[in-house]
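S.K.: Each chain, letter by letter, is given below.
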Amino acid sequence: MIQKLWLKKPKLSYSKDVLDIIQFGSSVMEDTAPNDTDIAVIFQKISLKNQLDQAQKIKKQLQKHSELPIHIKTFDLYTFFNEANFAKEGILFYGKSLISKDYFSKKLGFNPRIHISYSLKNLEKKDKVRFHYMLKGRKKEYGLLKKYGGDLLNPGLIEIYPEYENVFIKSIKKLTSEFKLKKILSFEE
Amino acid sequence: MKKQILEKTAKEYFDAAEDEFHKKRYNSTVVLFFKSLVALIDLYILQKTGKSPSSHTDRFRITQDKFPEIYDLLDKDFPFYQDSYVQIMTKELAEVIKNDTKTLAKKTKIEL
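Protein chains in written order, with this note's numbering: chain A, 1 to 189; chain B, 190 to 301.
Think of the hints as simulated: they come from the structure by calculation, not from any bench.
Please note that a few of the clues may not be correct.
Stated by the list, open to error - Below, simulated DSS-like cross-link-like pairs (lysine-lysine); rule was C-alpha separation at most 30 Å, straight line:
(1) LYS49/A / LYS237/B
(2) LYS59/A / LYS224/B
(3) LYS182/A / LYS88/A
(4) LYS49/A / LYS298/B
(5) LYS60/A / LYS4/A
(6) LYS49/A / LYS295/B
(7) LYS11/A / LYS107/A
(8) LYS88/A / LYS265/B
(9) LYS11/A / LYS255/B
(10) LYS59/A / LYS255/B
(11) LYS45/A / LYS265/B
(12) LYS280/B / LYS45/A
(13) LYS197/B / LYS49/A
(14) LYS173/A / LYS147/A
(15) LYS255/B / LYS57/A
(16) LYS212/B / LYS88/A
(17) LYS240/B / LYS191/B
(18) LYS11/A / LYS265/B
(19) LYS59/A / LYS9/A
(20) LYS265/B / LYS101/A
Said to hold, decoys possible - Residues of chain A clear of chain B, computed beta-carbon distances all greater than 12 Å:
(21) LEU92
(22) LYS107
(23) LEU120
(24) LEU152
(25) SER186
Note that beta-carbon positions come from the ideal geometry of N, C-alpha and C, so glycine has one too.
Just need the whole structure built from these sequences, with the hints factored in.
M.R.: Below, the structure written as structure tokens:
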């Protein structure tokens, strides 16, 4: 179950100290069973006490829109990029802004994507065909690329959106173990 | 008897937290202040209802139903206690939890 809080467009009341409110963790990933909804609130440089008090108010509002418990973390830009913040890669790469309704990384000018490179050379012909059907579809059935908005960049290389990582990996693993993932933050010139 | 135990543990954890704070061991400090806070929350519930919670779940339920301002403190600080094994706690956070503990001490009329 995917808890698309950012698509529910909850009307939130928050102060101008708030730079962004981001959903991250398993609740933004397709094909997972999250136990809670992880939220990061990024503040301007204000005291921790103030951050925590404001975050509690945001949490109460969000809880009304989520069936799962809200687990909230607060940061300012310094603590967000601090090496002790183990959650930063997940927030930066997979996080969805509840304010912009888009990837948080877009605010920093980056588009997050996953590149999956794979080799079919050791597969039997029938499995190569199955792999092709899985990605591109067959007759009236959509393949994963069309269903989840991915692209075939080159033979043996696809690009997908981060939240569908598990869906693609699970399907690819059924046919081959010869694949590699690369997580990419790209920017448009 | 329960009242005395909660008072004693609240004070003991608070003193130990202060010791750790002076040694700049903030993860231990946060855990100990939080334990002191929980003992005081249980004492507050005991003072008001004559009963004390048997678990974290029970504590959350009772405070959410009957003492929302206490629930807010508990709900705000609990994640830091949970994360104290895997996150670096700061001096500023330790001071926030200390202040919350002092708030509860005032409510329960306990001198720490």
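S.K.: Please name the hints from earlier in the document that this structure breaks, with their numbers sorted from lowest to highest.
M.R.: none
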